[in-house]
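2 protein chains.
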Amino acid sequence: MFYIGIDLGGTHIAAGVTDSAGRILARDSTPTRAERPYQAVIADMAACALSALDQSGHSLEEVAALGVGIPGIAQNDRGVVIFCTNLGWEQVPLREELQRYIDKPVFIDNDATLAGLAESMAGVSRGASSSVFLTLGTGVGGGIIFDGKPWTGAHGVASELGHLTLALDGVPCTCGKDGCLERYCSATALIRLAKEALAERPDSQMLRLAGSPEGIDGKLVIDCARAGDPAALAAFERYTRYLALAINTIVSFIDPQMIVLGGGISQAGAFLLDAVRAKIPQYLMFKTMPFGRVELAVLGNSAGIIGAAMLGKVLKEGESL
Amino acid sequence: MFYIGIDLGGTHIAAGVTDSAGRILARDSTPTRAERPYQAVIADMAACALSALDQSGHSLEEVAALGVGIPGIAQNDRGVVIFCTNLGWEQVPLREELQRYIDKPVFIDNDATLAGLAESMAGVSRGASSSVFLTLGTGVGGGIIFDGKPWTGAHGVASELGHLTLALDGVPCTCGKDGCLERYCSATALIRLAKEALAERPDSQMLRLAGSPEGIDGKLVIDCARAGDPAALAAFERYTRYLALAINTIVSFIDPQMIVLGGGISQAGAFLLDAVRAKIPQYLMFKTMPFGRVELAVLGNSAGIIGAAMLGKVLKEGESL
Numbered sequence: 021m022f023y024i025g026i027d028l029g030g031t032h033i034a035a036g037v038t039d040s041a042g043r044i045l046a047r048d049s050t051p052t053r054a055e056r057p058y059q060a061v062i063a064d065m066a067a068c069a070l071s072a073l074d075q076s077g078h079s080l081e082e083v084a085a086l087g088v089g090i091p092g093i094a095q096n097d098r099g100v101v102i103f104c105t106n107l108g109w110e111q112v113p114l115r116e117e118l119q120r121y122i123d124k125p126v127f128i129d130n131d132a133t134l135a136g137l138a139e140s141m142a143g144v145s146r147g148a149s150s151s152v153f154l155t156l157g158t159g160v161g162g163g164i165i166f167d168g169k170p171w172t173g174a175h176g177v178a179s180e181l182g183h184l185t186l187a188l189d190g191v192p193c194t195c196g197k198d199g200c201l202e203r204y205c206s207a208t209a210l211i212r213l214a215k216e217a218l219a220e221r222p223d224s225q226m227l228r229l230a231g232s233p234e235g236i237d238g239k240l241v242i243d244c245a246r247a248g249d250p251a252a253l254a255a256f257e258r259y260t261r262y263l264a265l266a267i268n269t270i271v272s273f274i275d276p277q278m279i280v281l282g283g284g285i286s287q288a289g290a291f292l293l294d295a296v297r298a299k300i301p302q303y304l305m306f307k308t309m310p311f312g313r314v315e316l317a318v319l320g321n322s323a324g325i326i327g328a329a330m331l332g333k334v335l336k337e338g339e340s341l
Numbered sequence: 021m022f023y024i025g026i027d028l029g030g031t032h033i034a035a036g037v038t039d040s041a042g043r044i045l046a047r048d049s050t051p052t053r054a055e056r057p058y059q060a061v062i063a064d065m066a067a068c069a070l071s072a073l074d075q076s077g078h079s080l081e082e083v084a085a086l087g088v089g090i091p092g093i094a095q096n097d098r099g100v101v102i103f104c105t106n107l108g109w110e111q112v113p114l115r116e117e118l119q120r121y122i123d124k125p126v127f128i129d130n131d132a133t134l135a136g137l138a139e140s141m142a143g144v145s146r147g148a149s150s151s152v153f154l155t156l157g158t159g160v161g162g163g164i165i166f167d168g169k170p171w172t173g174a175h176g177v178a179s180e181l182g183h184l185t186l187a188l189d190g191v192p193c194t195c196g197k198d199g200c201l202e203r204y205c206s207a208t209a210l211i212r213l214a215k216e217a218l219a220e221r222p223d224s225q226m227l228r229l230a231g232s233p234e235g236i237d238g239k240l241v242i243d244c245a246r247a248g249d250p251a252a253l254a255a256f257e258r259y260t261r262y263l264a265l266a267i268n269t270i271v272s273f274i275d276p277q278m279i280v281l282g283g284g285i286s287q288a289g290a291f292l293l294d295a296v297r298a299k300i301p302q303y304l305m306f307k308t309m310p311f312g313r314v315e316l317a318v319l320g321n322s323a324g325i326i327g328a329a330m331l332g333k334v335l336k337e338g339e340s341l
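Going down the list, the sequences are from chains E and L. When we follow my numbering, the leftmost residue of the first sequence carries the number 21, and every step to the right adds one. When we follow my numbering, the leftmost residue of the second sequence carries the number 21, and every step to the right adds one.
Among the clues, some could well be false.
Just so you know, same-sequence chains aren't split out, so a pair can sit in one copy or run between any two.
For lysine-lysine, the following DSBU-like pairs were computed, each having C-alpha atoms within a straight-line distance of at most 30 Å [as the list claims (entries may be wrong)]:
#1 124 to 197
#2 197 to 307
#3 197 to 215
#4 124 to 307
#5 169 to 124
#6 215 to 299
#7 336 to 169
#8 336 to 124
#9 197 to 299
#10 215 to 169
Since the hints were made in silico from the structure, they are not lab data.
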């Protein structure tokens, strides 16, 4: 059997067809145009999925299930998106609406959770008994995978790792709380730290390349840190320390077998991984404390489609047990 | 069948025999005298357990398994206590040593985890699909129960909720990190907050009753807050705010069906629970966000024995599957 995965983003809808190992056979994409009524967006999601299916050369009869990743919170049992800031969605009956076009079992989960599922089915954490995935992007998303299945919690609101309090009364977060983890571990945070570093070290290559502080992005900070620019390095040191503390909190909470770093910042590769790994030991509760391996995600942008398709697989199979 | 539970504490060893529903049939206790070699402590644990068994009127043949709760970290698959600060234990082969006296299957876990298991088998969280237990004592311990089984993580170091970073660069913790959750949510923290409040409000009933700041304990702060003493109330308000943020972090991480508050501070009862519950909504990611019920533990000191005995039950049954 085959599986359809739809990755619903704020700007683009991506859909693909995978085999049961999570290999993508065909894919398509279309702009989200989130300002429209949700019915129109969902009609395009279905059309995009059917176009990918057509390209794959397979028929709907061969499709076992359809999974959808959303940049928000879903209640899978009800098939409803309960909250999705970027799209302005609240209590949207996504399953019911999608099934008007594609009459297959539909499963829904958070996009970071599904990226974690993708890595655990077809990526770096394949075979791990438990893993936690962190997307380091504009915000910070999280995914928890136990025994090959996403853990979404008793009310569908689990694994919002970007909104753990890391700094009591710290930097205000868009969610309304202060000091959330994503204010210290996202690309947005790295850029803020770079600007703070420039206040002390204005004679910086980073600033010259950016033209102005507003021109700084995450990639530039990483590139300049790698090149040894003192301001960029100072920001990168603070950033990787915060990330090491966040990983330490994940270890102390659920002690997963593996922790996977994804999202834009993870493209810094070994430069990031080495710096974070080097800082973790100083935060352990005792020197010989065992803890999970920290690795980089390997599936990149495909993780969204793969994870959504694999959600259909693991939940459909769970239903048949 | 019956089960033996041993609760190993820094000052006392308590042991009991329970039926399969976790009802204690008989119990005994003896001082730990932790300064002795571990072999002597373990010999006393066995003697205490056998004495309780004798009092219960049952024989060793009727005992299915033995569970032990320790104030530290164990690796259950190896039957080894890997770290236990209060006792000065590191890599102690507890199962092997106990089985010299009692030839039964032996299972080991952290005491806070087992108190959580006790509540989920025979207490307030009975029947919950997932629960998180927080002991608010000298430190803060945690227990995670999924589907009736303790979650100990991939390396046995999970649910150390006292050592999540809650305050970046905050109050130094005994573990070597700064700003750990237990520096803000333990009885020790409440006492510190009370002393800080006295600096601004020295004319306090709390100070008069204590004689000196050194005489303040958690119960006095709670009692004085309840009586309306401004300094005690200020400390209690800060404390319950930190606890609400800690609960929010638990919700955002794993979204359990229930969160249970135990330990000395939980004896403040509805006065604590009402104050914490009132503060949680302001930290939710969105207004209508569903989250788990917050409740007080009901088993008190018996939770240690019950949880240890029930660990034997759930893991023994798991083995037989």
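- Query: Of the hints given before, which are not true for this structure?
  - Reply: Result: hints 1, 4, 10 break, sorted rising.
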